[in-house]
Each structure stands twice: as structure tokens, then as C-alpha cells.
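Chemist: Chains as they are written, first to last, in numbering that gives the first Met the number 0: chain A, 0 to 168; chain B, 0 to 168; chain C, 0 to 168; chain D, 0 to 168.
Hints were generated in silico from the structure; no laboratory data involved.
When chains are identical, the list treats them as one kind, so a pair holds in a single copy or across two.
DSSO-like, lysine-lysine: derived pairs with alpha carbons at most 27 Å apart: (1) Lys109 with Lys153; (2) Lys109 with Lys149; (3) Lys151 with Lys109; (4) Lys97 with Lys64; (5) Lys149 with Lys97; (6) Lys149 with Lys64.
Protein chains: 4
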Amino acid sequence: MIAVFVTGGTFDKEYNELTGELFFQETHLHEMLALGRSRLPVRVATLMMVDSLDMTSDQRMSIAKACREAPEDRLVLTHGTDTMVETAALLAAQVTGKTIVLTGAMVPWKFGSSDGLFNLGSALAFVQTLPSGVYLSMNGRCFPWDDVRKNKVKGEFEPVSTASGSGRI
Amino acid sequence: MIAVFVTGGTFDKEYNELTGELFFQETHLHEMLALGRSRLPVRVATLMMVDSLDMTSDQRMSIAKACREAPEDRLVLTHGTDTMVETAALLAAQVTGKTIVLTGAMVPWKFGSSDGLFNLGSALAFVQTLPSGVYLSMNGRCFPWDDVRKNKVKGEFEPVSTASGSGRI
Amino acid sequence: MIAVFVTGGTFDKEYNELTGELFFQETHLHEMLALGRSRLPVRVATLMMVDSLDMTSDQRMSIAKACREAPEDRLVLTHGTDTMVETAALLAAQVTGKTIVLTGAMVPWKFGSSDGLFNLGSALAFVQTLPSGVYLSMNGRCFPWDDVRKNKVKGEFEPVSTASGSGRI
Amino acid sequence: MIAVFVTGGTFDKEYNELTGELFFQETHLHEMLALGRSRLPVRVATLMMVDSLDMTSDQRMSIAKACREAPEDRLVLTHGTDTMVETAALLAAQVTGKTIVLTGAMVPWKFGSSDGLFNLGSALAFVQTLPSGVYLSMNGRCFPWDDVRKNKVKGEFEPVSTASGSGRI
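One chain only, chain A, in its complex shape:
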């Protein structure tokens, strides 16, 4: 059994047609799994629905607690991209013996051109095959938590180290 923990992020943002603003409602994880015809045994739980720029230390601690206490050894976490690396570092310090893969999206799932479904497919595959540890899965790649950063100019993730082969598990 795999647990998928939802924390919000661009992934789940929607367009409020009354105000013209983006906001959170329910997670779209269930419909995404249905669209992908996923037959994985998965437990989906919404921990919070926040923009990762607004995520507090307390919220981050509660995510770590949920990961620790989950009966599953394999966990996917949907998360805003802006502070995904920060949460990954905390999880690496606080959770041991589990495979945790954080993923997200650059464009909301509800908008036609989202990378969300691709990223979800990747994350669920990586979480099944990688040894215990904390990873980020974005752009088809998988990064260990301590060798990744978001390149905010390009809007993509990249390894911090420059050694060839980095960013590829």
C-alpha cells in the first residue's frame, strides 16, 4: 500500500470565476488517479491545502509527523514547488526507513496544460522502486533531497552539484 499525502500547491489550485483569483477547494488526486486508470493500492489523505510559500514550520512538522505515523513505508507527497526542497530536508531529518517522494506541478491540474498527471505517474513509479530516503520527482527526473534546487528562472528543478550524471537516480 502506498500513501499519497496532499498538502496543496499549484497542483490543486482552481480558478474562482467570481473573483478571478486562484484558490483551493478539494484535491484533484482522485480524479487524476482515475484518469490514469491507476490500479495501485493507494490511500489518499489531505493533510492541508496551502500554497507552499505560506506553509508554516508547524505545518511542516505536522507533515513529518504524518509520514512517521503512517502505516505505509512508501509515501508520495504533493507539495507546492517553491518550498518543496525545504520540506524534503525536514522529512529527511525526521523520518527514517521510508521511501518518500515529493512531487508537484508548475501549472494547476484544472488548466489544460498541466504537467501534474505526468509528475504523478513518475512519482508513483519512483516510490515503488527506490530504496528508503527522501526524493523530489519533477520534470521526469528524480533527485535526492540534498542535491536539488528549483531554478526559478527556468521553472524547473536541477541538481545542486555539477558532477555529470547528477539528478539522475
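Fit chains B, C and D to the known structure of chain A by using the hints.
Modeler: Just chains B, C and D now, with coordinates in the frame of chain A:
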């Protein structure tokens, strides 16, 4: 570097608005990788564009040859679902020392509700992490080539063996 | 009140992921009206669900009967494009004193790239403003029933007459 | 010949995946007309790209000027919904002898669930059939400029007058 070999299948079918029939034109792999914001080093090559029910032995042999001769050790193959298992078995017999992941879609990518992007994300992740061998990646799961079949009633893939835990790498 | 009569056609075709064939299930008119945020008082009724190439004389007669007996004076008919002109001619002979607009789609609504929503918007507007008579609304244009044909090479509708200004009400 | 003047509004908003904000780039009118398989003789011109809440008096005057000076007698104007009624009133005062239909969208076209294509189909139909005057076309309905308001709670347009039959041309 990963090679993605296109052979056709539901994945790449389009709707011909003059005849009302489904047909093949160009592959959509490039736009799917773009939508997924993939930054993987990937070489895409179209080997053929056929419905897998129409695939001949010669065509299957030419796929095996292309896999053997490819400089890449990690290969993803898009393929119609109906005879995907058959091609996988041939590849297992004819190609050694490489990780080959076959994937496809139940609904064409060009139709709104396709599982193609999810499957592509999964396949590209599995191919990076699994040891050499031939696998099928569908429904978020990954199956070794010799323990999988398409359940044509349910429209999904399942392990042949009934042992618990099957169908999960 | 406007009546929308559904008869099938490309408009409502779906992809059967088990057989790879196109088929009819329920009409999508309701979700299309919802997506368009339509606030028109509309009654939707499914008369039949057929490919217009398969429509029989009896079925065509039953459509005419439904139009005659409807309490509404303004009717939109969704119809396959291949024999839309034929049905329009029958309606012109059998129904008087009502504004009837036939419309359809070149690509099924469920496929991403359908013209269906555009055509539905046009047809509902034309039916509100045109005097009684039978019309075809396709390609943003509106044609009187006796000056229109489907150009099967181009996949679009055009006036039969060549006088300038034709095909524009 | 019909002129379509673009002024911005929700219609043309896009999602900036680097900042997470909505912004304007190019208009999507051309791709929308292509998707609708429109064969209407149409001239598309972008007058400005603004949120209608930010539209200045000067900008509104320049729209009126463009409408007056256009060689076409039939004009569709895409416009943000928040001040669409205000612009319509100015056009009614400043432009005579032309049929002008303002339309917009509650959800950006680039997001999967937009009403934009439906509204564009309606507006292009109304502009072909209505006598000279200024109208708003939203929600499948058409309103004369002096009997319409945006209901900001419901997110839809409605007649100001309460007489039965209002809001229907």
C-alpha cells in the same frame, strides 16, 4: 540517455474528421514530453505507426533489432495494448543487458481523457530505476514481462500469478 | 422556452476503451450547456442516438413529428453532419411556423479539439433571432435549408448557390 | 465582413508558471476560431489587452473610435465582464448604425473549463442577425445594452427590468 521508441497503438491515434475514423499521423510523444516539462535526456524515434493487432512478426523482429542496436541501455517503447505482452516476450528472448519498459494507453492522447501522460510519466521513471529486463508499465504498476496479461473485460493489466504482492516490482 | 432535440451524430460519440471503437452513450448536451454557463430556459430531449448515415426514413419522420408536437416554437436539433441537409429538407416540408436550427460537430465533444461547443453557442443564438424556417448552423454560419451542402472534401458546409452573400443570413 | 476587436478580459488570460499569476500574452481568438472551424469572413484586431477593471476612460474612448472608424457594420468585442456594461453604454452613445455585440468569459480560454468558445459562437451568431444597436451576449442570452447587469454573486448576466421575457431578444 534514454531512448523512446514509438510503434503506434492507441497512444497516437487521432480522429479523422472527414471520415470519422481513427488513424495515425505523427507521434505525440514530443508534445507530451513538453507538457510534462520533461528535462530528461531522451531520444525519440518512430519505428512504425501501427495498431498492435496488425503488427506482423517481421515488424516485431525489427523492434527487437532496434532495441539491440540502440546505443542506449534504457529504452521505453510505446505500443498498442492488445499485443504488448507478445512483443515483450520477444524482446526478453532477443535483447539482453538492457532495461526495456513497454507502455501504452487505453484512450488516445488527443482525446481529453487519456491515461497516456500518466503512463508515460510512470514508464520513464521505471526505466531509470529498474535493473535490466523487460517490463510492462500500465495502470501505475510495473509488471515483469512473464507475469502479466491484459484483462480485456476490465481494460487493465494484471499479474498472471495469483500470489499476493504480484504485479508490484 | 427553447427545445433542444438530440439525435446523435459525431457530437455525442465517445471512445470505447475496451474495443477501440466510437459509440454512443448518453448525450453530452447537459454538460456542454453547463460549461457554457447557459442560462437559457431550455428543454433537452434525446430522440435517438444514431450516426446520421444510419438514420432511417422512419426515424426522420419521428423527428419531424417531435418538432411539430413540441410546445416550443424554437427548436435546436443536434444531428450528424452527413445527412443533416436531408433531415432539414424533410422538416421544411413537414413543420411550419417554427424556427428550427440543425447543428452538429466534425469532432466528438469528448475529444479535446471539438467544434461542438462553438456550434452549440451559435445554434442557440440563431434560433432566438431568426424568423420561422429551417436552418443549418455550422462553421459560425447559418444557411437556409435549401441553400446548403456539406463539402465532404473540406469537411465544411457551404451554400449551393454561388451568388455573393450566400450562406449568410 | 465581421470585425472582432479584442480588448483583453478573462477570455485571454493565461497562467504564468514562473510567478503563479494570471497575465496577458497574445489573444487566443485565432485558435478559438480555428477550433470552431469558423468559415466566417472575420477581421481580428487587438485593440488592447487589459483587465476590464483597469480599463481607463481614454481606453474606452479609443474602443468607441475604433468601432466608428471600422469599415465593418458588424462588430464583436471581447471584453472583461466586470465593466462590460459600462463600455457598452459608451458605445451606444458614440457609435450609430452598427451592430455591436460584446462578449467575454468567466473562465480563461486556456483553462479546460472555459465558457469562452460557447460565448464566441453565440456572439458571432447574434452579430449576424440583430439590427443595429449595442448588445451583450453572455450565458447563451443576448441583452440590449440598457437592460443588463452582471450579477456578481451568481457570476452571470441578467436583465435589469423584471418584466417577463426580458433578457431575450
